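K.L.:
Chain by chain, the residues run as shown.
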Amino acid sequence: MKRGGRSYVTSPPSFSNDAKKLLVCTGNTVSVFSAATGLQITSLEGHTAPVTTLIVVPASSPAQKILCYCWTASLDGTIRHWDFSGPELLKTIDAQLPIYSMVIPSLLSEPQQIDKRRELSGKLVAYVSVEDISVVNQGSKELRGHIRRFNLAKSRIPRGDTLKETAEPESIVISPSGEFFGIRHKCKIHIWDVPSGGSRHAVSRKMTLHHTKVINAFAFHPTERVIAAGDVTGRVLIWRGFGNRKLALGNQKKKVRAMVDLDNAGVRGEDDAESCTTWHWHSAEVNVLNFSSDGAYLYSGGREGVLVVWQLDTGKKKFLPRIGSPLLYFMWSPDPTLSSVVCADNQIHLLKMPSMEILRTISGIKPPPSLPRMYEGLASTVAFDRSSGIAALCTENYCVQLYNLLNDRGISEIQVCERNHQPGDEITVVVTAVALSLDGSVMSTTEVKLPEDGIGGLVSLKFWASEPDSKTFTLSTIVYEPHRDAGVSAIVFHPTRSMAVSTSFGGDFKIWVCNSDKNQTDKDSSWICHAVGSYKKKPMTAAAFSGDGTVMAVAAENVITLWNPDKNILLSVLGSTLTPITKLCFAGKSEFLVAASHIPRPELSVWNTSKLSLSWSYGLRIEAVTSAVDSSAFAVLAVIPKTFKTDESKENIFRGRDGAILLFNGSDPKPVSIWTVMKARGGSISFLEGDKSQLRLAYVNGSHEYVVFDPNSDESHERSAVDYDGLAGLEETGDAGYTSLYGQLPDYDKKRMEDVESLGTPFVSSERPWETIFSGSTLNFPPLQKLCAEFFESLMEKRTAVVE
Amino acid sequence: MTLLEAISNAVANQDKVDSQSDYPIPLSHDGIFANLKPKLENPNLGTLVNPISGWGISESDVEVIDLGKKFSSKLKRKLKDTNGFVKDEFVKMLKQFLEKIGEKVGISEAESEMVLGDQAGSEIQILVEKNGFLMGRDVSGLVLKGCISLEMWELVEILISNSLVDHSSYSYLVSNLVEKQRSDLLCVVIKEASDLGATELLSILKYFLCPSKEAISTMAKVREEWESQAMLAIEKVSNTELSKKSKVAEEASILLMVAHDGFSTSELCLHYLLASRNVDEVMFASAVSKLNGNEMGSFIRYLSKWMKKYEMFPQAGPCPKAASKLGLKLCNWVPELTDITKCLGLLIDENFSTLVLYSDLHEELKSIARVADGLASESKLSCFVANVVESLKLGAARN
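Which chain is which? The protein sequence lines are A and B, in order.
All residue numbers for the first sequence refer to full-length UniProt numbering, where the first residue is 1 and numbers rise by one.
All residue numbers for the second sequence refer to full-length UniProt numbering, where the first residue is 1 and numbers rise by one.
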């Protein structure tokens, strides 16, 4: 089974030494991307828990830039050493505790010092942030976050020296020079210096800087003793000359004593710093903070999604606005013209410096949107193009992302409602539904603009047409208030024709058809309303077309009605369930109809429409229903009842899993296959049938991670969805042959069309100026004498021979 | 053949087809998850999807379904034998069946001796209330047919009140109740059914608007219910211990008096139809359009009485608290003035051309018009007074 959709942004990525590769932590593995193409090249697999730290061993000389070694640390308690060009695992060290952060200062020191250190001590020291699990098991409120020192030369690390304990594990930040490292802890920054020399038992000295607000991020200057920090209110603080007393070098001790009595500007209390400057531009918390490699600039970013460049000496600012999502990380590459910024919407942008132009983007699956409470469980925010394996996912910022599930790549993104990203907590526009036609050529979305103080709410229904070449959608129709002021509950497309039905909580449904069907031309792709239907003014909650498209089922709250969609005639009332129906689906081309209802009594029921009776039903809460096109099989995503989560005898099956996928054949209530799943709430499933020979099932969970598997096999081994073989040729993409030299040839058909159109231009006679006199500007009237002469000549049938 | 044709054929043959579902009751998931186990020896806990096996329908569900099928086939054979099937045998069969399915699901039932006569009926009613939801739609439909053919009306009422009558059975039920003139049960149907069609509404309207002499006698039970509730309201007003609730009781007594006095027994039954929230406006209009002259006249006279009542007693209004606080449930079934006017509008809209031809109804319609004019002018004057009061309030607040 193929697994994809992992988060790219949980930990900071790293560039390779030649700046041609970007290493990204993706869950339990490290993915290696090409900086030139943005595509994944390879991956480092072996960790059994999320990777939290990625350290590329820097090159000590220009000749060593081709080296591809890195260290990784993970929550599985191991530290691993890799050659990522192979890729090959070189060494595994068992630290026995989950590792949340790790730094190796000696890798950043000067080359000669490395040689001396290795000769003298023969060890590689790492400082790690771990979680002491033994404290957790005791159930007390003791401090679980530990900063410890490990010797990486040994394959099994003992307990190690503990430098500090905190309530939670904190990330360790190291200076680019390798001299200092530190952690932030609430309103403080704790800084240690890295011991030098060959002493085995050298102790790191420590100092603390204080602030009045919680600090979110901080960074060290590459060469000077300068620290920058960002807090939750958006301020940026610059401490200069830190550690001259407590972390002084040996030969400077006497000189520093004379400065104790000085009053340091901006420094709080008795902190060991010469001065502290505060800059404030960001409106919300600062998450990203980093110095440039030459130390002249400071980069900051935060929740408003803007990257700010500060000139360190003057405080002048430059901006990269409208990135579209909160920023998480910013890092330089060894190439001074290349850097990357990581955003919270699972995107990594590669920037060209110093202009800060976005060269390309590595698009992961974006996280699901946060919906208001009234829309939880009602919105259908994932749709599938089952022929090509593309999923349309609603994301934050009123967007729909098209994602290829078969090779784990973002294709394009559509902003349903054009607005800039704003960091405010209040949600003003909600995309409540997205639907795709069976062949993926049409997409439909509904959005609700929430009213402010009861004024200004608006519901919009939009139809989007697919561009055949670029796999993106363009807007073809907007319908404002399709059901007056009522919300849209479902949108369903006809399986074979350009027809769709939208149902509303206001008690009616509407059938929409595409104009291209009526006008027999491909140009006009707008949609119009074909019919309106209702059943006793009950709220319409779900709809489905049969496999052959001749019957439409609409759920009027808890009553299932069958309609002829062409003539809009009510065929029959099938029956009723005990609670309102939330999902309807025909089982392929069979006569079985699947209905799911939620609150207050969840039920999954299957109806036989050719007998107009109930076939069977379960008391299960169903999150999603899907059916194969050419058989009577269907699959449901069920939420496991809470009573069994606490049953310890079944802990092995249901640990960490809140749902199950059940595969049924139409008339049999016993499922053919069953799988337990993670994060079923908010999840979605669909059959994918690109090739008729391979029927696959796709499961997208509540966090937009997904897996694609064969429902007829028992294989559970997960492998990455990335298709490595097809990527080698893509790097050579470019025009070739005639096109690269002379450009595209002109299109002959278009030329002929233009000629025909030009011939159709109406011919205006220049002998009768009064016929066109009013088609121009009123300031350009010809003189009356000229006009009269022309007019009378036309009436009197002027003799041409006389003039000649 | 497309699904559209299959469904059209099924709709045309719906009365003939006696289809029985293989799984009529909702299958329980209580026993299913307990039997699941992993399909692989060492499942990887980190994978998104893990295959499992062991899903099976719980034994109790299978046994309940089997019992239902046996009972259903047995009851079908008995119902065809119109002479030999008697009430005692039916009660015995039903009692055995309900006790068995109750045991399967775990509903404990104290074993008791078979009691003949009236007590047997009350015992079977308790069993239907407790275990009726396990019968399934098919079995409850058959039981309903049996109760109707054997005229066990108390059991029919329990089936209706506990929502055990399926949507498709209401047409059969209403036609039989009209035929056998069970007025009290028709009122229960109006109260409980959420999806009555136009045909059923028309039958009920015709039955109540022009009842036969035999039907009037069975409506006495309905009148007794209204009388007892009105007397209860009067008692609660007189009771000094309920001083806090006396205002609600006073309103309730006025409302019930308005609804009871001056209306015939059959017109009391019409109260339920007008006050029901489940009756759809479109369906009601369709039913009203098929009334004949006599029925239309009765309906107009009934609505005219209501208009005069509300003109005479303007203080009578909806009293929703009386049902919950004082137990006067019929206060929820008194039509409001909006119900009356809406119904009158539907009647005139649908039958205007017919009403012109019935000259004996013109006087009644003119009197309704006079009452409506009076109410309209009174409301206009009341609006002026209300505006003045509102302005005075604002002025006082400003000072």
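Source of the hints: derived by calculation from the structure; they are not laboratory data.
Errors might be hidden in some of the hints.
[To be verified] Partner residues are not named here, just some residues of chain B that face chain A (Cβ under 10 Å, in silico):
hint, residue
1, 54
2, 60
3, 197
4, 396
[Said to hold, decoys possible] Quick list of in silico lysine-lysine cross-link-like pairs, BS3-like style, CA-CA up to 25 Å:
hint, chain 1, residue 1, chain 2, residue 2
5, A, 537, B, 78
6, A, 611, B, 191
7, B, 191, A, 670
8, B, 100, B, 87
9, B, 342, A, 537
10, B, 76, A, 611
11, A, 536, B, 342
12, A, 536, B, 191
Every value quoted in this text rests on a predicted model; they were computed, and no experiment measured them.
Note that the Cβ used here is the ideal one computed from N, Cα and C, for glycine as well.
K.L.:
Each of the hints needs a verdict: does it hold here or not?
P.N.:
Right, here's what the structure says about each hint:
1. Interface hint status for residue 54(B): upheld, as the beta-carbon distance to the closest one in chain A is roughly 8 Å, under 10 Å.
2. With a cut of 10 Å, the hint placing residue 60(B) at the interface with chain A is violated, because the nearest CB-to-CB distance is about 13 Å.
3. Taking 10 Å as the C-beta cut-off, the interface hint given for residue 197(B) holds, the closest approach to chain A being about 9 Å.
4. Nearest Cβ of chain A to the Cβ of residue 396(B): about 28 Å, over the 10 Å cut. The hint is violated.
5. Pair hint residue 537(A) plus residue 78(B) does not hold up; C-alpha atoms about 42 Å apart against a cutoff of 25 Å.
6. Our distance criterion of 25 Å between C-alpha atoms is broken by residue 611(A) and residue 191(B), whose separation comes to about 30 Å.
7. At roughly 39 Å between alpha-carbon atoms, residue 191(B) and residue 670(A) are farther apart than 25 Å, so this suggested pair is violated.
8. Of the pairs offered as hints, the one joining residue 100(B) and residue 87(B) holds, with about 20 Å between alpha carbons and a cut-off of 25 Å not exceeded.
9. Our distance criterion of 25 Å between C-alpha atoms is met by residue 342(B) and residue 537(A), whose separation comes to about 17 Å.
10. For a cut-off of 25 Å, the pair hint linking residue 76(B) to residue 611(A) stands: about 20 Å separates their Cα positions.
11. With a CA separation close to 17 Å, the supplied pair residue 536(A) and residue 342(B) stays within the 25 Å bound.
12. Restraint check: the Cα-Cα separation between residue 536(A) and residue 191(B) comes to about 17 Å, which is no more than 25 Å; the hinted pair holds.
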